[in-house]
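Chemist: Given the sequences, and given the hints that come with them, work out the whole structure.
For the record, the sequence lines run as chains R and L. 167 is the number that our numbering gives to position 167 of the first sequence; each next residue is one higher, with no gaps. 72 is the number that our numbering gives to position 72 of the second sequence; each next residue is one higher, with no gaps.
Simulated from the structure, these hints should not be mistaken for lab results. Note that CB positions come from ideal geometry on N, CA and C, so glycine has one too. Do not rely on the hints blindly, as some may be mistaken.
Said to hold, decoys possible - Residues on chain R that point at chain L, a partial pick, calculated with CB under 10 angstroms:
no.	residue
1	Gln89
2	Asp136
3	Lys138
4	Gly139
5	Ala142
6	His176
7	Leu177
8	Phe180
9	Gln183
10	Arg184
11	His253
12	Ala268
13	Cys272
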Amino acid sequence: MIPATHAEELARSWTFGADVVVIDLEDLVHDSRKHEARANVREGIEQARRGGAEVFVRSDLELLYADLEASVWRGLQGVILPKVSSVEQVREAEETLAYFEAEHGVMQAGLVGEVNEYDEPRTVENSLELHLALEDAKGNYAAEGLIAASPRVRSVSLGRADLVMDLRPEPSGELHLLPFLMQRLILLANAAGVSPIGAWWQGTSRGLRASPEDTLRAARLGRMAGFRGAPCVLPEQVAALNEGFSPSSDEVHQADRCVQAFERAAAAGQDCGEVDGVLVDGAAAAGARATLEWAEACRARDAFKAAAVERVGA
Amino acid sequence: MTGLNVRISLASAEADLEAVVWPGVSTVYCPRVESAAQLRAIDDIVGRLERLRGIRPGTVRLQPLIESARGVVAAGEIAPASARTDAFGPGPKLSLHLDAERGEALAYARDECELVARAFELEPVSTEYLGD
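Modeler: If you want it as structure tokens, here you go:
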């Protein structure tokens, strides 16, 4: 996540290796610099996409019209709605987004190659998407309805810093309700078929600005809990998040053995296989296949980014 | 909070309220509330008694105690059901009615109550250990 005022960092963002670059117009930008920030977004989108990243803009909900007017341009993947807590806010964002899509002739950028053309039929799939950042008790409580409020909603996250402000931390700095809220959001996101985004930050690490070691740990724990990716603000954290959210080579190796054992057993007319004395039934084999698919998706995404970076060099 | 707090029984809510809603009572604890309708019914009776007995309308507060599975599931409807509610959370018999030990085993129910309380801007309180 890069503040839109940091033009120089935006210009380098294609080198960071991030799957997603978020250009921030909200909390990381002071009120007095919103105009200046918005002026950087259109070029920032082009720059960030050079490295193969999807580009999102985090808009201020109260400044939605001006923020989206400055942001809905070719190459934008979607918009992050921070501190969202009501269905009306999601609907308003959807309408504003649709208005500027039409006004600026923008559709969602395809991941590979060029941007879709305006005269292609408009569908939910090629429209810009919404990401909901639920940062207070009201928004979290209403999560199920908020996700269902628009077919453009594809992912959700918790905003830890704002949640701490809303819910007040323990003296330890830990937020005792956070594990519950994370599990609840992961459950609701999966039930609705959208991606839960976040990492399992520990009380002492500084979340979005944590060290690479703390970030890796938070990413691993986050993936185990069911998150599919996480945001950060320092370029040094990107590699740790990518590593933490990708299956390790050991995991891939083990999953591969499970799938093979199961398939060998099936070919021999048996119901279950066995790996290291542990039974591999149909469900275990399906889990192992999911790990392999996720690993392959991570690998393909990394290869895509590497190819994009190479094209910039050429 | 000043004045007297009273815990009524839902099984005899109307009779209990007739007996306790007098000037000086500040909060009525409502145990094992499981629906918004139950709390609204109590709210109505309290309102009538306030008028009859010369108590300024809205003085008597209601604190629903979440003490059962149905209560936890309906927490989001119970919390905003009465304008007399300022505080919300699990009650002392949650453990009994869920047949679970106090502490970690009730974390989900307790956390759900707290989220609901904060979502409706009520004070999250736990009276799980009330009476110990």
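Chemist: Broken hints, numbered, in rising order?
Modeler: Those not satisfied are hints 1, 11, 12 and 13.
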